Structures are given as C-alpha cells and as structure tokens.
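Protein chains in written order, with the numbering used here: chain U, 1 to 620; chain P, 1 to 405.
By construction, these hints were calculated from the structure, which means they are not laboratory data.
Treat the numbers as computed from the prediction; the structure is a model and nothing was measured.
Hints should not be assumed to be uniformly reliable.
[What the hints assert, rightly or not] Listed next, the stretches of chain P that the computed footprint assigns to chain U, with coverage defined by at least 3 CB atoms under 8 Å from CB atoms of chain U: (1) 85-98; (2) 119-128; (3) 233-244; (4) 315-326; (5) 398-404.
Virtual Cβ for every residue (Gly too), placed ideally from N, Cα, C.
One-letter residues, chain by chain:
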Amino acid sequence: MPGMNSGLSDTNPTLVAAFRTALLHQGLFIALLLAVLALAWFGLREWMPGAVSARSPGRLQARHAAPEAAARRLLRIGFGVIWIFDGLLQAQPAMAAGLPSQVMEPAAASSPTWVQHLANWAGTSWSYHPIQAGAAAVWIQVGLGVWLIAAPAGWPSRLAGLVSAGWGLVVWVFAEAFGGIFAPGLTFLFGAPGAALYYCAAGALIALPAACWNSTRLGRQILAGLGLFLVGMAVLQAWPGRGFWQGRLHSHPGTLAGMAQSMAGTPQPHFLSALVSWFAATDEAHGFAVNLLAVLALAAIGTAMAGAGFLPGPPRLIRPALAAMLVLCLADWVLIEDLGFLGGVGTDPNSMIPVALIGIAGYLAVVRVPAPAPALESTATESPAPPRRRPIPVRLATSFGGASLRTVLALWAVAVVVVGAGPMAAAQASPNANEILAQAIDGNAAPLNFAAPAFTLTDQHGRQVSLASLRGKVVLLTFLDPVCTSDCPLIAQEFREADKVLGASSRQVELVAIVANPAYRSTAYTRAFDSQEGLSGVPNWLFLTGSVAQLRQTWTRYGVAAQIVPAGGMIAHNDLAYVIDTGGHTRAELNFDPGPGTASTQSSFAVELATQARQVMRSA
Amino acid sequence: MSLAATGRARAGFATGAGLLAAVMAAAGCGSTPAPASSASSRSAGGITAPALSTSLAVPGGASWAVVLMGGSAARHDNFWELLVRPAGSPGWKLATPAGVASNGGLVMTASGPGSLLAGIRPSQNLTFSPLAATTDAGATWSQNDVLDAGLADLPGALASGPAGRLLAITGSGDIDLGTRGGASWAGLTTERALARTTAGRACGLTALTAAAWTPAGQPLLAGDCRTAGTAVIFGLRARTWQAAGPSLPAALRREPVSVIGLNAAGRRITGILAAGAGRSTAVLAAWSDDNGSTWTMSPPLTTGPATAGPPSISFGADGSASLLLPASHAASGGAVIGWRAAAWQSLPRLPAGAATLAATAAGQPEVLAVQGGTLTAWQLGGSRGPSPWTLLQTVPVTIPYGSSG
Numbered sequence: 001m002p003g004m005n006s007g008l009s010d011t012n013p014t015l016v017a018a019f020r021t022a023l024l025h026q027g028l029f030i031a032l033l034l035a036v037l038a039l040a041w042f043g044l045r046e047w048m049p050g051a052v053s054a055r056s057p058g059r060l061q062a063r064h065a066a067p068e069a070a071a072r073r074l075l076r077i078g079f080g081v082i083w084i085f086d087g088l089l090q091a092q093p094a095m096a097a098g099l100p101s102q103v104m105e106p107a108a109a110s111s112p113t114w115v116q117h118l119a120n121w122a123g124t125s126w127s128y129h130p131i132q133a134g135a136a137a138v139w140i141q142v143g144l145g146v147w148l149i150a151a152p153a154g155w156p157s158r159l160a161g162l163v164s165a166g167w168g169l170v171v172w173v174f175a176e177a178f179g180g181i182f183a184p185g186l187t188f189l190f191g192a193p194g195a196a197l198y199y200c201a202a203g204a205l206i207a208l209p210a211a212c213w214n215s216t217r218l219g220r221q222i223l224a225g226l227g228l229f230l231v232g233m234a235v236l237q238a239w240p241g242r243g244f245w246q247g248r249l250h251s252h253p254g255t256l257a258g259m260a261q262s263m264a265g266t267p268q269p270h271f272l273s274a275l276v277s278w279f280a281a282t283d284e285a286h287g288f289a290v291n292l293l294a295v296l297a298l299a300a301i302g303t304a305m306a307g308a309g310f311l312p313g314p315p316r317l318i319r320p321a322l323a324a325m326l327v328l329c330l331a332d333w334v335l336i337e338d339l340g341f342l343g344g345v346g347t348d349p350n351s352m353i354p355v356a357l358i359g360i361a362g363y364l365a366v367v368r369v370p371a372p373a374p375a376l377e378s379t380a381t382e383s384p385a386p387p388r389r390r391p392i393p394v395r396l397a398t399s400f401g402g403a404s405l406r407t408v409l410a411l412w413a414v415a416v417v418v419v420g421a422g423p424m425a426a427a428q429a430s431p432n433a434n435e436i437l438a439q440a441i442d443g444n445a446a447p448l449n450f451a452a453p454a455f456t457l458t459d460q461h462g463r464q465v466s467l468a469s470l471r472g473k474v475v476l477l478t479f480l481d482p483v484c485t486s487d488c489p490l491i492a493q494e495f496r497e498a499d500k501v502l503g504a505s506s507r508q509v510e511l512v513a514i515v516a517n518p519a520y521r522s523t524a525y526t527r528a529f530d531s532q533e534g535l536s537g538v539p540n541w542l543f544l545t546g547s548v549a550q551l552r553q554t555w556t557r558y559g560v561a562a563q564i565v566p567a568g569g570m571i572a573h574n575d576l577a578y579v580i581d582t583g584g585h586t587r588a589e590l591n592f593d594p595g596p597g598t599a600s601t602q603s604s605f606a607v608e609l610a611t612q613a614r615q616v617m618r619s620a
Numbered sequence: 001m002s003l004a005a006t007g008r009a010r011a012g013f014a015t016g017a018g019l020l021a022a023v024m025a026a027a028g029c030g031s032t033p034a035p036a037s038s039a040s041s042r043s044a045g046g047i048t049a050p051a052l053s054t055s056l057a058v059p060g061g062a063s064w065a066v067v068l069m070g071g072s073a074a075r076h077d078n079f080w081e082l083l084v085r086p087a088g089s090p091g092w093k094l095a096t097p098a099g100v101a102s103n104g105g106l107v108m109t110a111s112g113p114g115s116l117l118a119g120i121r122p123s124q125n126l127t128f129s130p131l132a133a134t135t136d137a138g139a140t141w142s143q144n145d146v147l148d149a150g151l152a153d154l155p156g157a158l159a160s161g162p163a164g165r166l167l168a169i170t171g172s173g174d175i176d177l178g179t180r181g182g183a184s185w186a187g188l189t190t191e192r193a194l195a196r197t198t199a200g201r202a203c204g205l206t207a208l209t210a211a212a213w214t215p216a217g218q219p220l221l222a223g224d225c226r227t228a229g230t231a232v233i234f235g236l237r238a239r240t241w242q243a244a245g246p247s248l249p250a251a252l253r254r255e256p257v258s259v260i261g262l263n264a265a266g267r268r269i270t271g272i273l274a275a276g277a278g279r280s281t282a283v284l285a286a287w288s289d290d291n292g293s294t295w296t297m298s299p300p301l302t303t304g305p306a307t308a309g310p311p312s313i314s315f316g317a318d319g320s321a322s323l324l325l326p327a328s329h330a331a332s333g334g335a336v337i338g339w340r341a342a343a344w345q346s347l348p349r350l351p352a353g354a355a356t357l358a359a360t361a362a363g364q365p366e367v368l369a370v371q372g373g374t375l376t377a378w379q380l381g382g383s384r385g386p387s388p389w390t391l392l393q394t395v396p397v398t399i400p401y402g403s404s405g
C-alpha cells in the first residue's frame with residue numbers, strides 16, 4: 001500500500017521526542033484546566049453558597065432518582081477503564097510514527113482492495129501529522145474513559161456512550177480494517193469481529209434511555225445476540241479447509257499454532273512468552289482436539305446464551321454459560337491473544353475483555369433489574385422559584401457551582417477530548433504535512449549568511465541565466481541529475497509542491513536546479529526531465545546546465561560532489577538545497593535527501609522549503 | 001408460553017437464523033481469491049518475444065553484446081551491461097555508457113563499423129530513454145540525445161537506418177522515427193494503427209517485436225500474430241504499411257507465428273520466426289536480399305515449450321543467426337545457422353550461466369556466460385576436459401550494488 005505511512009522508523013528519535021513533548025505540553029494544559037475547574041467550582045461554592053444551594057434542586061432529585069442499572073454501570077465503568085488504558089497505550093513512544101505501518105497496514109493487508117484503500121487514506125492522513133494524530137488518540141481515549149466513568153446518568157452519560165460508539169466505529173473501520181471480517185481466517189479466537197466493534201456496541205447500549213434498563217428485555221436481547229454470534233463463530237471455527245483442525249499443515253504450523261507462535265515472538269516477559277509457546281506446541285501436537293474444544297465451547301456457550309435470550313422464563317443455564325464464557329475468554333486472552341497490548345505498538349487488550357464485559361452486562365440486565373424511583377414530595381422550601389432576570393454569567397456560575405463533583409469531572413473529560421481532537425482537526429484542515437518529517441530525516445536547516453557563489457549557466461530553453469540576474473527574488477537552489485532514477489525526481493516534486501505551498505508568494509521565488517551529471521547534461525535532457533516531472537509549465541522553474549567545466553566549477557563552489565559510478569550505475573551525488581535571499585546571500589543550507597519518498601515526506605519537505613523561503617522573505 | 005412470547009421467540013429465531021446464514025456466508029467471505037486464470041496456451045507454450053540479452057556482429061569486425069549481470073534477486077541490483085570486442089581485438093571489454101542506471105535494460109543498434117547507438121530502458125522513477133552513441137567502439141560516448149519515451153523490452157526495439165535515421169519501438173506501442181542520429185524524434189505510427197491495416201487484420205497483430213531498415217531505407221516492423229499461418233513484417237511503401245514478410249511452409253500454416261528477431265546487415269535481412277506452441281514450437285530463419293520483397297526459409301528447429309524463459313537471439317555481420325535457449329528447454333541449448341544455410345547447427349550443452357551467443361569473424365560462435373559480476377567467454381573446440389567448450393576469457397565487472405537507491 002504505497003504512501004500509507006511516512007516510511008520513517010517508528011522509533012525515529014526526532015519524532016519520538018516531539019511526540020513526548022506534545023504529550024507533556026498538552027498534559028500540563030489538561031492538568032491546568034482541571035485545576036482551574038476545581039478552583040472555580042470550590043470558589044463558587046464558597047462565595048455564593050446561598051445561590052448555589054437555591055439553584056441545586058437537582059441534587060435533591062439526584063438523591064431520589066432511579067439507581068443506575070448494574071449492567072449499565074458495569075459497561076460504563078468497564079469500558080471507561082478500557083478506554084483510559086487504550087489511551088495510555090497510545091502514548092507509547094513508537095505510536096506516533098508507527099501506527100500506520102505497524103497497526104493499520106498489517107490489519108488491512110489481507111483484506112480486499114477497497115478496505116486497503118480506506119486504511120491507506122487514514123494511514124496517509126495520520127502520517128501527514130503524526131505528532132498531532134498520536135496525541136489526539138491519547139487524549140480522546142483518556143477523555144472518553146473519564147467521561148464515561150464520571151457521568152453516571154442523564155444526557156451527559158448517554159452522550160458519552162454515543163461518542164464512545166462513534167470513536168469505536170472510527171477505530172474499527174480505519175485502524176482494525178473492519179476487524180478483519182473481509183479477510184480470510186476470520187475467527188473469534190483471534191479477535192473477530194474486532195475489539196473496537198464491542199466498544200461500539202457498549203457505547204450504543206450506554207447511550208440508550210435509562211428506561212430500557214428497567215426490564216429484562218434488553219438483557220435478553222444482549223444475551224440472544226451474543227449467543228447467536230458465538231454459535232456463528234463456532235460454525236466458522238468448525239468450517240473445514242481453514243487450517244484450524246490441523247496442528248501442522250504441509251510441514252508448517254497450522255493456523256492457530258502459527259498465530260500463537262507469532263504472538264510468542266512479540267517482545268514480552270519471558271514467562272508469558274513461554275506460556276504462549278507452550279500453547280502453540282500443544283496445538284501443533286493436538287490441533288484437532290484443541291479446535292474441537294473451542295468449537296464445542298463456543299457452540300455450547302452460544303446456545304445457552306441464545307436460549308436465555310429467546311426463551312421466556314428464568315434463564316437457568318445462563319450462569320454456567322457465563323462462567324464458561326469467562327474461562328474461555330481468559331484462556332484465549334492469555335494463550336492466543338497474548339494480552340493483546342504488548343510489543344510496543346499494542347493499541348488495546350484485544351477483544352476478550354470487551355466481549356466478557358458485554359456478556360456479564362447481559363446477565364446482570366436480566367437478573368438485576370433496578371427498582372423504579374420513588375415519587376418526589378415537592379415542598380415549597382425545597383424548591384424555591386429561581387430569581388428572575390439574573391444575568392447569564394451569574395446563572396452559569398450558580399449552575400456550575402451547584403453541579404456535582406462528577407459533573408465537573410465529566411466536563412473536564414469533555415475538555416480533554418477537545419484538547420485531543422482540536423489540534424488534529426486543525427492540522428487536517430491543511431493539505432500539507434508537518435515539517436517534522438523532513439527534520440526527522442535530514443535534521444534542521446543550517447542558518448547561514450554569506451554571498452552565494454556566482455554562476456552563469458544555460459536554462460532548459462537555451463537562455464543564459466546568472467545568479468545575479470535572479471536578484472530581487474528568493475532563490476531555492478538544488479542540484480539534480482536529469483536521468484536519475486530515484487532521488488532527483490522526488491526532490492523535483494518537492495520543489496514543485498513547495499511552489500504550491502507558497503501560493504501567491506511564489507511570484508517572489510525562483511526554483512532553480514543545476515544539472516548534477518557530467519555525461520547527460522544537454523538541454524534535451526533538462527527538458528525531458530521537466531516533462532517527466534510536470535515542471536514544463538511552472539513559470540518560475542529553471543533547470544540549468546552548461547559545459548562540464550562550468551558545471552564542475554559550480555558543484556565545487558556549492559559543495560556538491562557528482563561522481564561517475566561505473567558499470568551501469570547512476571551518478572552519485574549529495575542531495576542539498578540552498579535558500580538564497582533577494583540580495584544574493586545564502587541564508588540556509590538543507591540536507592535534502594528525500595528519504596523514503598512517501599507522500600507525507602514529500603509534502604513535509606515542500607513545507608520545510610516553503611517555510612524557509614517565507615522566513616527569508618520576512619527578514620528582507 | 002403465551003402467544004405474544006411465542007411470537008417474539010419465533011421472530012427472534014428467524015432473526016437468529018438469518019444471522020447464522022450470514023455467518024456461514026462469511027466463512028466463504030474473504031477466502032483466498034481464485035487464482036488468476038492461466039495465460040493463454042499460446043503464451044504458455046509459444047515463444048512470442050526474445051530475451052533482452054543479445055549479441056550483434058557488425059560489418060568491419062566489431063562485436064557487441066548485452067547481458068544482465070549482478071545475480072541479485074532484487075531488480076534494482078542487477079545491471080545490464082554492454083560489452084564490445086573491437087575489430088581485431090582478441091577479447092571482450094566492458095563498454096557500458098556511464099552516467100545512467102542500466103537496471104531497466106539496454107537496447108543497441110549498430111550504425112556502422114565501430115559505431116553503435118545504445119538506448120537505456122528506464123527504471124524506477126525515470127520514464128524516458130537516454131541515448132548514447134559511440135563511433136570508436138565504446139572508447140568514448142556522445143550522450144546528447146534522448147528518446148522522450150521508454151523503449152520497449154525488446155532487443156530489436158531500436159534500429160539504425162541510412163542517413164542517420166532511426167526507428168524506436170516504445171513500451172506504449174508507439175513507433176518513433178528519429179533523425180540526425182536521434183537528435184529529434186517524431187511519431188511514425190502505432191501498434192494499434194498497424195493492427196488496423198489490411199496486413200495487421202490478416203495477421204491479428206498482438207504485439208510488435210522488432211524494428212529494422214531495408215538497405216533501400218524502408219522501415220520494417222515485425223510482429224506477433226494471433227492468426228495461424230501468418231508471419232507479419234510490415235514495410236512502409238508509398239506511405240502505406242504493407243505486408244512484407246515471408247510465406248510459411250505448408251507444415252506451419254496451422255500454427256500461430258511470431259517474428260521474434262529482425263536484423264539488416266548490408267544487403268542481407270535476416271528474420272527469426274517462432275511458430276507453434278507447446279512441444280511443437282519451432283524456430284525458423286528467413287532471409288531476404290531484395291529489401292524484403294522475397295524471402296527464403298530455413299528448415300525448422302524444434303525447441304519445445306518456452307516455459308523456461310525467452311531465448312536470446314544474436315545476429316552476425318554476414319546475416320547468420322544464433323539462438324540460445326534457457327537451460328531447461330528440450331533442445332540442446334543453442335543453435336546457429338549461416339546465411340541461407342541448409343540446416344541449423346545444434347551446439348553441445350552450453351556452459352553454466354550462458355547468457356547469449358556471439359558470432360565471431362571466423363564464424364564459430366562464442367558463448368558469453370554470466371555468474372554474478374563475472375563474465376566468461378567460451379569457444380567451441382580445443383578443450384581438454386569433458387566439456388567441449390574452452391574458456392577464452394574472464395572479465396570481472398564491478399557491479400554497483402546499491403547505487404540505484
């Protein structure tokens with residue numbers, strides 16, 4: 001999938017450092033926000049006690065409101081904790097640069113092309129702004145988790161459920177490639193249909209009106225749905241020809257043993273790796289028995305749950321079925337999924353914990369239906385009419401002061417989500433990548449200030465061009481081999497893109513390339529190269545050449561080495577770019593090796609070049 | 001169970017059955033896609049195009065060869081090299097024009113004694129074909145001209161004609177006419193346009209395979225035909241492309257035919273034809289010395305299926321031709337035929353790594369073999385060992401591994 005990721009190592013020190021700095025800054029801001037909210041809340045309660053207590057009939061109502069259903073509370077707190085955990089996992093150093101290549105790309109690799117295109121689009125978007133994207137994932141998920149936990153009831157809680165379902169859907173589609181349901185080898189044991197889909201389901205359940213939890217109907221529906229799903233997974237698991245019945249297949253480990261072996265190779269504590277390796281060996285030796293056990297377990301649990309869901313009357317088999325399901329989930333989570341989050345780029349604990357939570361919630365929703373709320377006795381002293389025509393700020397202040405601590409925390413959690421999403425949304429508004437990628441590949445530009453060496457060469461149209469003739473414009477200068485097969489076409493595209501990034505300012509800039517090939521240097525070649533790179537129609541583009549002596553002199557003056565490599569090799573030359581101001585002074589030198597040449601790195605180099613040009617223009 | 005409960009249970013079971021069906025369908029979903037349909041029997045068993053490795057002996061005595069060296073599994077770490085044995089010289093030497101990566105291939109055409117035009121096929125991000133010309137057997141190169149398109153993957157994609165004119169077959173099926181030795185180029189025709197001509201429709205043209213010029217300065221284009229019993233060579237006469245190829249012997253009129261090689265040496269034009277598919281694949285030589293008006297044919301050489309790869313075809317300065325088949329072919333591995341000879345001369349088993357056969361002034365073929373970065377030249381006869389081939393020369397070539405990024 002070309003272009004999906006930046007092509008940089010996921011442990012690139014520049015990106016890791018920038019990611020840590022971004023998290024630290026945003027974390028400090030979030031902590032400050034919490035402190036401000038807390039101070040304001042306490043302060044208002046101290047300074048306006050009368051107004052606050054008069055405003056808070058809600059507290060009285062809250063005491064007498066219907067208790068939250070145990071099932072809902074389990075989902076809310078359970079998935080809240082999971083979201084927080086997932087958010088913290090997103091803060092691993094390799095996440096910013098590594099998510100597209102280490103998570104998205106492998107997830108979509110076996111899926112149809114249209115799924116890969118979706119993942120490619122998302123991965124490319126991420127790789128354009130890896131720091132903002134990485135930080136966004138951390139704070140959105142941490143904020144979501146706190147929001148779910150802090151808001152127990154009412155519309156804030158339901159909204160938290162809805163947002164949780166929405167974010168889960170985003171993760172399921174783009175990061176999990178629809179949980180692999182369109183790829184071969186679908187199995188409950190490996191996490192199908194994707195952990196994030198369970199998050200969606202939980203979020204949707206939390207978003208339901210409270211009244212839905214006041215009867216056993218919802219619980220039965222949950223159990224019925226989960227039961228049918230598990231029965232379906234049992235059928236899939238039993239399906240022949242998918243490699244699960246054999247421990248070894250064509251002298252290789254079977255599907256399940258192979259996955260377990262692969263998970264055992266993930267960096268992790270030795271005892272865990274040994275446990276997973278043991279399971280892999282066991283499955284290799286007894287593949288039929290292991291799969292039979294899995295099939296029977298899924299079928300039995302699923303049938304029992306479906307029966308509890310569909311059939312009226314007390315669900316007699318639900319407890320043993322739930323117990324069996326928890327055992328199966330635990331075993332799978334440890335022995336096959338290998339806890340799901342190890343290795344440095346794990347994003348979540350995989351699917352067994354979420355599905356177990358949903359199963360337990362279904363059970364609780366059937367056996368522990370909340371009692372209805374008692375009717376309130378209205379008294380004039382407890383519900384005084386609010387004063388009329390108070391200014392809005394006062395009303396807001398008294399509302400805030402009268403809110404519960406949970407409400408304040410929920411408000412703060414929403415702010416955390418916004419802090420996460422805001423910078424990424426702003427970054428996405430620009431079609432250009434962040435400069436950080438270019439800096440991660442080649443370091444920062446070196447500031448300079450000396451007279452640029454003169455040259456007089458011939459442009460692609462046969463006209464003489466000297467550096468002096470370009471006075472009054474900022475010159476972005478590089479050296480390109482017109483018959484290069486790798487770097488130079490990429491650098492040319494970066495120059496072309498820099499011209500677009502500059503927009504109207506490009507009228508004050510001249511993009512100049514000088515031939516870096518002593519053999520293929522005629523204007524026929526500079527024109528052929530321009531045509532190849534779509535530069536023929538760029539009005540401020542010059543591709544200069546000259547005699548070998550002229551070129552060698554210019555190379556020497558600008559520190560460029562162009563060496564003939566024998567026996568069919570390209571010319572070897574260093575990749576440099578210079579920024580020359582309107583007065584003919586060199587103001588910056590950039591190491592311009594294009595690196596992996598992905599869409600995001602090309603855009604980043606273009607932005608870097610344009611930024612340097614703008615800086616020089618401003619300082620003129 | 002109440003009626004309402006029964007109804008809900010039935011509805012639930014129906015929903016559940018639907019879900020189960022969906023899950024069972026998912027068992028087939030995402031299954032490994034059906035394998036791509038196998039190539040047509042024609043291309044699976046027939047020879048439709050030659051290898052890029054080739055050799056050319058020119059009037060005046062110089063011999064040139066193009067071979068692939070490097071031995072790497074990675075395309076960008078294998079390099080096509082040009083070698084020359086100048087007239088009167090006993091050995092081969094490296095002559096690859098420097099300054100451009102040759103990973104994509106090298107195509108050559110002789111333009112006179114000691115003169116050669118080499119076209120570099122583009123690779124990676126390059127889309128056009130640099131040209132390099134020499135008049136001193138590769139000692140120096142002039143590299144001012146360019147073909148603004150990628151040359152086709154054919155050893156006969158470039159052809160030199162009288163008065164500095166050139167023909168080039170591009171990878172997109174265009175045929176460009178070059179003048180002034182390649183300083184300027186213009187479109188002459190296209191593969192599609194040729195397929196629509198009377199000769200093209202009769203042939204069922206599927207691809208162009210080689211270009212050449214008659215001594216009279218008429219462009220010739222050879223092709224691969226879908227229609228059985230037709231060997232197509234297009235000649236431009238009175239601004240019209242007409243059939244100018246040989247008539248096939250009766251035994252081959254039921255076979256599809258591809259003209260896989262075409263070369264003009266002085267007045268002599270030699271064509272190499274491949275007919276049939278599978279075990280009945282045969283190669284024939286065709287000769288003309290009247291600008292393609294009439295042709296004589298050689299007896300067929302049975303080569304067997306072309307499943308091991310395309311053959312390398314080489315031409316001598318006297319109109320002779322050589323054929324080198326990849327190692328697993330049923331035939332001996334190599335054969336040569338002289339100008340209007342009565343029969344092909346099969347060669348004994350060739351040395352390991354044989355890449356192409358080179359004609360010599362004495363008429364005996366030489367084998368050029370490649371192992372990684374070493375080229376060896378072998379001659380038939382004079383050997384004291386079990387192999388009939390005698391090692392003549394070893395040429396170590398410094399391969400610029402990793403230089404192509």
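Here is what the structure says about each hint:
Restraint check on the region 85-98 of chain P versus chain U: 4 residues with Cβ-Cβ distances below 8 Å, three needed, restraint holds. Counting residues of the region 119-128 of chain P whose beta carbon lies closer than 8 Å to any beta carbon of chain U gives 8, which reaches the threshold of three, so the coverage claim holds. Coverage of a stretch by a chain is defined here by at least three residues with a beta carbon nearer than 8 Å to that chain's beta carbons; for the region 233-244 of chain P and chain U the count is 0, and the condition is violated. Coverage of the region 315-326 of chain P by chain U is violated in this model, with 0 residues showing a Cβ closer than 8 Å to a Cβ of that chain against a need of three.
Three residues within the 8 Å Cβ limit are the bar, and the region 398-404 of chain P against chain U gives 5, so the coverage statement holds.
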